[in-house]
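Chains as they are written, first to last, in our numbering: chain A, 104 to 270; chain B, 3 to 518; chain C, 1274 to 1373; chain D, 2 to 639; chain E, 27 to 513.
Simulated from the structure, these hints should not be mistaken for laboratory data.
Distance condition first, Cα-Cα at most 27 Å in a straight line; then the derived DSSO-like pairs of lysine-lysine:
{"#": "1", "chain 1": "A", "residue 1": "Lys217", "chain 2": "E", "residue 2": "Lys305"}
{"#": "2", "chain 1": "D", "residue 1": "Lys167", "chain 2": "B", "residue 2": "Lys373"}
{"#": "3", "chain 1": "E", "residue 1": "Lys400", "chain 2": "B", "residue 2": "Lys30"}
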Amino acid sequence: MAEAVFYILAAGAIASAILMVTRKSAVPSALSLVLTFCFLAGIYLTLKAQFLAVIQVAVYAGAIMVLVLFVIMLLNLQKEKFAITSNWKTLLGVLCVCLILAQIASVIILTQQKFPGQLSDQATELGTVESVGTMLYQSYAFPFELASLVLIVSAVGAIVLAKKKLT
Amino acid sequence: MGILSLLILIPLAGAALLHFIKNENVAKYFTLAVSLLTFVISLVAYFQFDNKALGFQLQEHYDWISSKSVSISYFLGVDGMSILLVLLTTFLVVIGLIGTWNSITKNVPGLMALLLLLEAGMIGVFCSLDLFLFYIFWELILIPMYFIIGIWGGERRIYAAVKFFIYTLAGSLVMLVAIIWLGVEASKISGVFTTDLIKLTTLSRSLPLDTQNYLFWAFALSFAIKVPLFPLHTWLPDAHVEAPTIGSVILAGVLLKMGTYGMIRFNLGLFPQASIENASILCVLAVIGIIYGALVAIAQTDVKKLIAYSSVTHMGFIVLGIFSMTREGLQGAVIQMVNHGLSTGMLFMMFGMMYDRKHTRAISEYGGVAKITPVYATFFAIAMLSSVGLPGLNGFIGEYLTIMGAFLSPVLHSWWYSIFSATGVILAAVYLLWMYQRFMLGPITNESNRSIKDLSMREIVSVVPLVIFMIWIGIKPMTFLKTSESGAYTLSNSLLGVAPEKTNDFQIVQPQVIIK
Amino acid sequence: MAPLSHYLIVSAILFSIGAAGVLFRRNAIVIFMCIELMLNAVNLTLIAFSQFLGDQQGQILVFFVMTVAAAEAAVGLAIVIAIYRNKETTDIDSLNLLKG
Amino acid sequence: MAELIPYIVLFPLIGFAVNGLFGWKYKTNPIAGVIATLAVTASFVVACIIFAGMLGADAEHRTLHYTVAEWLNVGKVNVGISYLVDQLSIIFILVITGVGALIHLYSMGYMKGDLGYARFFTYLNLFIVMMLQLVMADNYLLTFLGWEGVGLCSYLLIGFWYEEVKNSDAAKKAFIVNRIGDFGFLVAMGIMLVAFGTLNIAGVSAAALGTGSSAAITAITLMLFLGCTGKSAQIPLYIWLPDAMAGPTPVSALIHAATMVTSGIYLVARSNILFALSPATLSVISVVAIATALLAALIGIFQNDIKKVLAYSTVSQLGYMFLGLGVGAFSAGVFHVLTHAFFKACLFLGSGAVIHAMHHEQDMQKMGGLKKYLPITFWTFLLATLAIAGIPPFAGFFSKDEILWRAFSQGSFFLWLLGVLGALCTAFYMFRAVYLTFYGSERFDAHHHPPKEVGAAMYIPLIVLAILSVLGGLVGIPEALGGTEAIHHWLEPVVGEGEHMAIAHITIHGEGMEIALMIVSVAVAAIGILLATRYYKSKTTLAGNERKIGGFYKLAFNKFFIDEIYNTLIVRPIYSFSNGFLYKIVDVKIIDGIVNGAGALSAWFSSVARRIQTGIVQNYAVMIVVGIVVLIGYILVF
Amino acid sequence: MSKTDLIAALPLIILATTGFVILIWDAFSKKPSRAPLAITIIGSIAVIAAAVSNMSSTPVAAFGGLFFSNTFTNFFTIIFAASVILSSLLAEKYLFGKEIIVGGYCALTVFAACGMIMLASGANLIVTFLGLETMSISFYVLAGLFRTEESSNESSLKYFLLGAFATGFFLYGIALVYGCTGTMNLSDIRGIMLAGAKPVASYSSLLYLIGILFIIVGLSFKVAAFPFHQWAPDVYEGAPTIVSGFMSTAGKTAAFAAFLVLFNYALIPNPHPQGGAEKIQIVLAVLAALSMLYGNIVAIAQTKIKRMLAYSSIAHAGYLLIGIASLNSNGITGVTIYSAVYLLMQIGAFGIVGMLEKENANALDLDDYAGLAKRRPWLALILAVLMFSLAGIPPFAGFFGKYYLFLAAIDAGMVWLAIVGVISSIIASYFYLRVIVLMYFRDAKHDEAVSEKISAPLVAVAFVTVALLVLGLYPSLLLHSIGYFFQ
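Construct the complete structure from the given sequences, taking the supplied hints into account.
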């Protein structure tokens, strides 16, 4: 059962991802991406990572993608003609990406016997808000603080770059 | 502080101080004073030097970069071969300065500073007993010479300067790899990465022959470019032609010797077996250079270019002498280095004097000048004859000893090296006499030449010491050969101690003949 | 329960789709979205490893990746806006002032 | 006695130094000539004292050594500035200083008023110094110093009037051709060093005796002989000598007739043991020598320049000397050197007097009838001509005939026959010169510039030399004619051993045969003189007559086109090869082309490689992806 | 969070605080002033002081193994702080007159430096990742600082897109390494690698190697190594000059510090336990070789000085990669020395370019340097020294750095790599010399000599020059302070 759910979600994620990269217009792309994120959140759930599933939806689908859509609308980009470059260089690139996929996938398949066969026993516990939170605020408080630095930087950066008028 | 450090530091300090001198004349006199002081100190060093003692003298040793696994030191010292070259350097700088006193009008303090920097570098090269230190001095010389050619040179000075720089750099970087490699190999044996020449001399012999060969060639390449050995010589004519007179004098007089000095000190000193194995290749190139340089010199229409190609020939003799590895060859090479410094230096300087008057390098613009400037013609003739290798003048001693060295060499299995190189004496006469004829003799073809002034007192003062040394070395060479004797003999003995038996072209029984 | 390898392969596929998108989409914002997809794919790998190995560090990192993604989004969009102000386009092919 | 030796060298050296350093001050003042002449005379006096001493001593004590200083002592090269005066070298020393002094004296008159007066004597003294080094050295290296030194002086003196291209060309040619010879000498020294480990002349000879004949000795001697062909003007290197007549005539007399050109003979005689040990080399010498003698004689027949005639005659006579050496008659060769020095110097000085009187006109076609204007010159010239023609009892007869006799007795009839043929030519062209110059009509402007006999400074040497030309042969009158062969006995200790080895297989002929041959050669000389008289004595025009001979005339007149052949086959190809191929193609195009090409290649590569940088972001991303594929591929595959 | 933890992180804390102080100052100040620069410099000096004092204390992995503090990390901290000081000094003239926020510039440089410290000191892949991102995001913004200029915009966007793309790979690499080792703690990974047994063997060494490879890709991108270098010329050209100087030096140095920590310490510790290590070594060596050759060759054809310096920086990334590829202690020393020296040289060169650009109306073509020696003898002299040093000519420090790197390569048995280094150095000398040729051997378009006035940028470049000479003559100064990192 859980297996089937995973495959359905996975198929959905892949399909919506493909939709995302193939839509000519930016807005459908963005919406497809939101869909992908949701599918991914579902997959996280199958892995019993509830906390991350929740913030996946909240942060990605909710915050980031809204921001992106907002900008798209702001810049009025939906009508643009350009969408896809297709020349031999791009084709070469895409081919290479496929090759990378094949390489990684083959390595994964080749060595899959060595992976643990099922979720670890603590999996359920690990994925909860409580345990992740404890971890973050205790052992990983330092990087948590550092993360604030990243956010500050992005805030300052956004101001520096996009503020309408500087003094 | 030891006397050798002093020799390096005084010109360096002089160069630094020149930054604060703006007046041209003050700068010149200051530089003259500094270079004279250096010369005097080098004389003191020469008299402190004990001809009879073995090994390196006047040593100075300070740790420089040292740790558990790295040992690079500031290590100076001289043997008979290097002290002669140090003397040559300090002497030529003084002479060159006097001889070209009025040639330069543009940014004189700058040139003077570079000249002193160059002097410090050259002395450093000849005194370093640490490969790392040696390399630093070796490269240090590039910078001032590059500027001297590039700023004060002729029309194609930029091309010449860049070619000189990159060509030499190419060689020396290969040497750098070799120095590091050698140090690494040493560290595998002794546990310490070292560039100490004396330590490496013993360590390098235990390396596998392959490695020795690679290292040998890396060093040889670098030195061969500097010498320059055929076919790596093409930077030389350009550099000489474009350089200002003082640059040519120093370049021909001293810089080229760094290459041959390196061959003696490092190629022979560090890799005796590889040297013996590869001597014939280098000698073949040297002999080709001797003949080739001379033949190409015949074709030149530019005096400086002609002298430049004659350098290729002369330096070929030195390389031949070095890789004959015999006492005669090595001694000949050492004295030939001095000789070439004196005679080619003088040729360049004297031509520079003419160039200052006439501003052309084309031989065809001259002709019959001897009639107008007899004193000049006389001195030029002496320098020319010294270069031709006339017995009684210095050039002969060097060429003769190197050729004999090649004859006697047990590592060169043929007499053809010597025989072919001896044809150089014919060709030298051809190109130099022909040049002299077109330059000095015959009717005055160019009426404007009638106004050329003969040498001034200053110029005579600058060339007379050179002539004195030419005759001195020609007639009493042992004064100088005695100095380098212990060094050269020790090296030759250690090399030929590992050499195979000689097989000659002609089977000759060598009887021991003692005739009274 | 699907095996770990399937999770990883799904992740790899998503990653590749994202990477491919970066290569052929011309709109700077869409390219940025593709990159977001790539990060998400990695997140999946991290979570899968984390849960199969029973080690929480993977999930912690995912948390930070999301933070970073947000930060990048802010900066990236600011850059796009700045460009749009000057050139009125977000077509990256038109950005070739600098080359050679 | 030995301690006097350095003074022989010292006096001319002082003369050289004084004139060299201060000569520019006293310009045309005769003081320079006085100093130089006195210096050489002093040295001649010293030589005479030594000679007298040697005469007084036993044969074993006639060898004197003196070491001035150490010169080179490096490894096996261990030579000093040390002198060896023995029976052989004293002859040369006497000739050099004696004839040298006379010629110095003569030059004082000849060069009077020349702007380079002091310079001339400086060079001349230097020449004496160097020539003395050559013959006095006890080792080959010092000999070589002298050898090259005289070459230098020759160069300086031939090109003395360097304003003329012709002169400086001749000087250059002389030096370079000599250098080819010196190359041989140099190589010979190298082989000596390898084979015998010494450069000491006595040492080498002794060592060679120890080893016996060998390839090395043949190589050494051939190489030495190459040196001799340069210095002593033999085929193939004789070409410089006729051109060398461009120098002032005293120079031609001293250097290019009496002394320097005989240094080859000295060298061979000095190394007689080496040469004797190499029969092959001796044969080569004989052949080359006779060929030279004949060729030069033939060319001499039709030359119109009086000095050229003498020059070719010198080449020819040198050929005779070498012929003597080649057949192992070392002392005979040296004997001819001695007599030749007298009569040829006399001839040259005579011609100098003529030229002087004719205001530097050298073409005999523009002379004639000078007998009455220049009586002293005429008579001395005639005596010397008789000597060279081989008319008894003049000096040349004895020495030349001995060479021919030794050639014959060596078993080579052909050498003898060719030698006699040469003698015929010699007599012919020498008398041709006499007739053209001194007889016949005056083919010059006698009214405005009547020729005047030369002054005392010039005719005293002429007379002295003429006397010597007449009497010089007395030291070597063959036993067949009841003589003592004094010079052979004198030289016996030096060259005797070599002669014995060289002529081990001699065919013994009687004295009757020797006398018969003498008669033949005298007859031949007489025929030559008669022919010359027949054709030239009273002829007013000659060019027309000679031209009628046709082809042979053309060949001989143009010196068999040897210079042109050398020019076309050697000089020009070398120059074209150097300039057209080595310099312009190998050096500039290939070697430098590669160097510059490396630079150009990286520049080209640079401009190509930078095209990857398209400025388009996605291309950059493609590059990244491609890189990743390759890297992972590497990890997976290898 | 103990006291030792805080002390260990003190430099980082001080620096971050400095950033916040600047932001606060900026928020309240009305008109542009130089105060932020002063604050930055003071803060950085304090950081250096803290780092120096930390250098000699016992090495720790603070915060429960998240943050290293030892000689190595503090050394790099000092370098980063110094580069902040230098670029602040250089900015003193450069930024004024343009419509930008000085405070923003200062804050972003400081935050970028914070990121660098995290990158160099991170004892956990999480911290490393955060550091990388902090630094990168700051750079994206800094590159676009001249937001009204198209080239600056373009530079910023290119950097951003490609940087984020590369980050994706880097992150994927971390994920794979994590998956194969079960931990992100570097010390633990090192332990596992040295043990050479458990997880890697039981999982997949191939997957692990691919992970490493992706990390290499991410870091190579940051150091601009071939073939991940293509952003660099465009970005360095388009970005404000002093920012280019800062990015191409400090940023690269930080990435190399991370390289050292990740590879030499954790991922492939010495002695090599796995067969895969040789492959990684070859990969790194090949990247090094290609970067050196490509960077130097393409630099020849450049006509703009900033672009030329950008390509030279690609080549220098190659030289530094030699040290990484050597995977031995000499390599560590070499990379450390050379990155310090390189930072001085490159920041000095960009600094002079910035000074001249400011004075001579955007003079950024190489031809604008013709005759500089006459106009500005001191600047020309300094630039000449920098060029010689970049070309690796003794006695300047650039030579010594190269020396150590070649030493490392030969010590690792890769003579060929040293020879490639040599060949590319020869090629490089051509374009470095060209600058000197222009300055000294060619005549200027306008010739009047300008008397040099002492200014902050001049002090900075003069300091750099003297430092290069001193370090070149007495490299022990550096060597002794480095000591032995991973023993």
